[in-house]
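Peer 1: Each protein sequence line maps, in turn, to chains A and B. Position 120 of the first sequence, counted from 1, bears residue number 137 in the numbering used here, the numbering being contiguous throughout. Position 46 of the second sequence, counted from 1, bears residue number 121 in the numbering used here, the numbering being contiguous throughout.
The hints are simulated quantities; they were obtained by calculation from the structure and are not laboratory data. Keep in mind that the hints are not guaranteed to be accurate.
Among chain A residues calculated to face chain B with C-beta under 8 Å, some are [stated by the list, open to error]:
#1 Ile27
#2 Arg76
#3 Gly202
Derived DSS-like pairs: lysine-lysine, alpha-carbon spacing no greater than 25 Å straight-line [as the list claims (entries may be wrong)]:
#4 Lys439/B <-> Lys485/A
#5 Lys19/A <-> Lys64/A
#6 Lys41/A <-> Lys23/A
#7 Lys78/B <-> Lys79/A
#8 Lys438/B <-> Lys548/A
#9 Lys123/B <-> Lys79/A
Each residue gets a CB set at the ideal place from its N, CA and C atoms; glycine is no exception.
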Amino acid sequence: MKNRGKIVGINKNMITVEFAGDVKQNEVAYAVLGDNRLKAEVIRIRKNRADLQVFEDTRGLKTDDIVEFTGELLSVELGPGLLGQLYDGLQNPLHKLAGELGFFLHRGKHINALPEETEWAFTPCVKPGDKLQAADTVGTVKEGSFTHKIMVPFHLSGRYEVVEIAESNKYSVKEQIALIKGKRGQLIPLSMMFEWPIRIPVTLYRERLDPAEPLITRIRIIDTLFPVAKGGTYCIPGPFGAGKTVLQQITSRNAKVDIVIVAACGERAGEVVETIKEFPEIIDPFTGMPLMERTIIVCNTSSMPVAAREASVYTAITMAEYYRQMGLDVLILADSTSRWAQAMRERSSRLEEIPGEEAFPAYLESTIAGFYERSGFVRLRDGNTGSITIGGTVSPAGGNFEEPVTQATLKVVGAFHGLSRDRSDARRYPAIDPLESWSKYTGIIDNQSRNHTVRLLSKAHEIVQMMKVVGEEGITLADYILYLKGEFFDNVYLQQNAFDAVDMATSEERQKKIFSMIKEIIDATLDLNNKDDARSFFNRIRQLFLDYNSAEWNSNDFLENERLISVLFLKYRKAGKEIEPYIFRQALVESDMDSHFIRSKTAKIKKGEKLLMVKEENEEDI
Amino acid sequence: MKKIYNKIMQISGNVVVLSATGIKYGELAVVTSERGDSFAEVIRIDGKLVYLQVFAGSGGVSTGDEVRFLGKQMEISFSENLLGRIFDGTGRPRDGGPALTKNLIEICGPTVNPAKRLIPSSMIHTGIPMIDLFNSLVESQKISIFTTSGEPYNELLARVALQAKVDIIILGGMGLRYDDYLFLKNTLESEGALSRSILYVHTAADPVVECIMVPDISLTVAENFALRGKKVLVLLTDMKNFCDALKEIAITMEQVPSNRGYPGDLYSQLAARYEKAVDFENAGSVTILSVTTMPGNDVTHPVPDNTGYITEGQYYLNNGRIEPFGSLSRLKQYVNKKTRDDHRPLMDAMVQLYAYYQEVLEKKAMGFRMTRSDNRFLKYGVLFERNLMNLSVEMPLEEALDTGWRILSACFDPEETGIRTELIKRFWPESKTTD
Ligand SMILES: Nc1ncnc2c1ncn2[C@@H]1O[C@H](COP(=O)(O)OP(=O)(O)OP(=O)(O)O)[C@@H](O)[C@H]1O
Ligand SMILES: [Mg+2]
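When you get a sec, could you build the whole thing from the sequences and use the hints?
Peer 2: Structure below.
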């Protein structure tokens, strides 16, 4: 018997429903509007009234309209056929919807997430009598370049025995492929798909491991200075237009992981279009398959229903957990977590909850933490490992990081890639601020060299500030050269052209090589006798490096540029390395990379102090 | 069947509350008061209580006034007859012409399926180098002019509208000063563009709430023309007024404000409108160019801030010119790879060099001696501002690119520009004048 209720109140996308029987928190219900059934989720229950967030436009509903409760939690379908799909926040396949409805997303239309017609070549790997539990593999199918494990549904608790298992053949996702028997003799038929409630984490692994292995994004400033680890978390806060989305787009293209799930959450629809249209065409050099075959897009953009936006990040992470369970490395890119937080805020305001800072609900922090905690590098019960890495952008109001969402996120992530308006205005892309950002993970370059270069940048920055006060003539040639070295490193290494076919992605091997070349130049004492000479030398070597960066790996151009660089460098190089202690003289950044955020702040203050000091020192000279 | 009530229980702000049954959420009603008829929309239902937002405001509305529910949402007439006409914020004629009542369509239709969107591909040439060369405007883009009151933003809007090769121009005015309205109307008229334009104008003298409908009406009409194959340019000025109207209603409804009094859903509200910009496969397109005035030139104010997070870029109009910093067209990369090979690198280099110029200026202002290289930058800045930034400059893109190279070569050695050697070889002008 279906449990029903009737509407007694409507406020934008929230309806209040009076009911008689039992109603579950987070249960799905449908508001009946003529022939349309509008999907909704219970978000609060008080006595015989439930508040529901409706995932669609509520116009046209009225009091006494019928609401049907389903008794099911908000869930997604899991099974072969998820890869390559474009879903909305509730896992409706958008291409299919377009096929049926044309240009627009009319409300009340639901389509199953997994293609039911597709047949998959199933190979069993258990036999009758075998003992199984949830998430154990009963067989495999080939999904693109992956071996997709068909697993015992995650919600089945206890032990089961295989009674029947299908033979190797082609099956569609709904056909029975096994029959298993529980302790009490109950028989359960299995197909290749099952459902899982999105708000409940999947934790069917043996242990969570330390995320020690770097995740190569092929973005130099990230891999070299502020690395991300497989199973780790990172965030990209930045003001509008600073380059968050572009950074995530190139990451989704170039990151060395098995599967990428793009969660376009409350941002522009246009931004996913490129991915949709181009990924099927781009061949992934590692698998030889189109990039789309390793990608899932969950797209609930800004003009799509706000309640579904709130759900969309959970839809994404649940699919990630499913693939991690097969021993794969999954990367989730959520753009933007602020829009998700705002959806929570809208909901909270309609529930008339007591608001916290900037009207965000009091549970904002724990909700954000709960989401990022679903990442992780894990050892599965079969001994294999799998990982979920989460990278979320944050869009702070007014570009000010001292706001609730950024602060709550910074508390839980392992790396912070802060974008700065100054850098993006000066077209220094990717606009990750090297003096503000930090990472707790170990990357492809040893920590000592990492810190060393950050120190150089910090020193160069100080000199820039100093020059603003005392002018170029007020600083020594040695300082001037240090400044030029910092600029040089920034120009040719940290900055990377996202729209250049070659420069867009730098392999690990290439990064290590260029980094060591640059480090040699930075560490060297150069035979430069005045500031004009110095500037001209660095202009020339920068030019060579820029050409070098856009030359195909090991091509003739590449080798020729390399030769020219070394000729130029050797001409000016002096023996000895006495410059190095000089950089360290006023080291600002401790090598301990733990209390990074606080560190970057204190560094800032210290910078200010230094500045004053320097000014005094120089005052006599002027 | 129409339902008629005449017992209003509560009046506050622009919202009236009455007891009624069988009323649909979002339904339209007509409130008849001594000041005449006004539309009103159902914005909340709580048991038997129905909350209505009265477009003309609640001033003069009496508890005994008649409220007639229409049983349908806001609709608007759509046909070719709209062309050349001028309406107010709720679609009533403002030009003395006949009211249009045929072929009614609902406003605020559903969202376009992202799967059906196209990658933007055609550039809208404006003849303004700061747009064409540095931040190209692209068909189906949504972009805003960030500015302050007193700047010539409506002039810029009109200029772009007249230059752009589009089929239809729709102007949505919100809180327009009457002389601005006349200026826009007269400019379109004198350039012979009025016959392909439709104006929905809410002036500063009209009831505040009425301006809320302006973007919805303008964009619904635009969308329908686009579906019929037309390229439509929608001009919305000034969205700050639209946001302030939203704020007023939110406060009346006792919503907890999130930031400086603006409601927490400001982002979603703005996005719902701006996301109407689209390019339909095998049909037309909607491009949105809006104006957002920033109080105190503060871009972190919630209105420009939320707008910046939604639009595909912004033009900073300051001191009568479009600033190279902060101005950004996020779709430019779709079109500037096909114009000329040097377009992108030249654009990047020129802006980077201009950033250095600004630093040099700062140094100079502090009284430091200018080095030889500093002087080059100073010269560069002046040439750039005079020959490209000045809003009175009007030239096609090709010419703007050539001008850019000429400015560079007049000030710098090739390797000072950071442009790749291969491009230098192809584009660096032969004769070089050094300082
Ligand atoms: N790595 C890059 N290389 C070149 N240009 C870039 C790069 N990153 C960003 N840009 C430029 O900046 C524009 C804005 O970038 P992006 O859309 O990523 O900003 P965002 O931080 O996501 O902004 P929002 O918060 O409004 O979504 C891009 O359209 C592009 O023109
Ligand atoms: Mg973005």
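Peer 1: Indicate, hint by hint, whether the structure satisfies it.
Peer 2: To see whether the hints hold, each was checked on the structure:
{"no.": "1", "hint": "Ile27", "verdict": "4 Å, holds"}
{"no.": "2", "hint": "Arg76", "verdict": "3 Å, holds"}
{"no.": "3", "hint": "Gly202", "verdict": "47 Å, violated"}
{"no.": "4", "hint": "Lys439/B <-> Lys485/A", "verdict": "10 Å, holds"}
{"no.": "5", "hint": "Lys19/A <-> Lys64/A", "verdict": "19 Å, holds"}
{"no.": "6", "hint": "Lys41/A <-> Lys23/A", "verdict": "16 Å, holds"}
{"no.": "7", "hint": "Lys78/B <-> Lys79/A", "verdict": "14 Å, holds"}
{"no.": "8", "hint": "Lys438/B <-> Lys548/A", "verdict": "17 Å, holds"}
{"no.": "9", "hint": "Lys123/B <-> Lys79/A", "verdict": "10 Å, holds"}
Consistency with the previously given hints fails for number 3 only.
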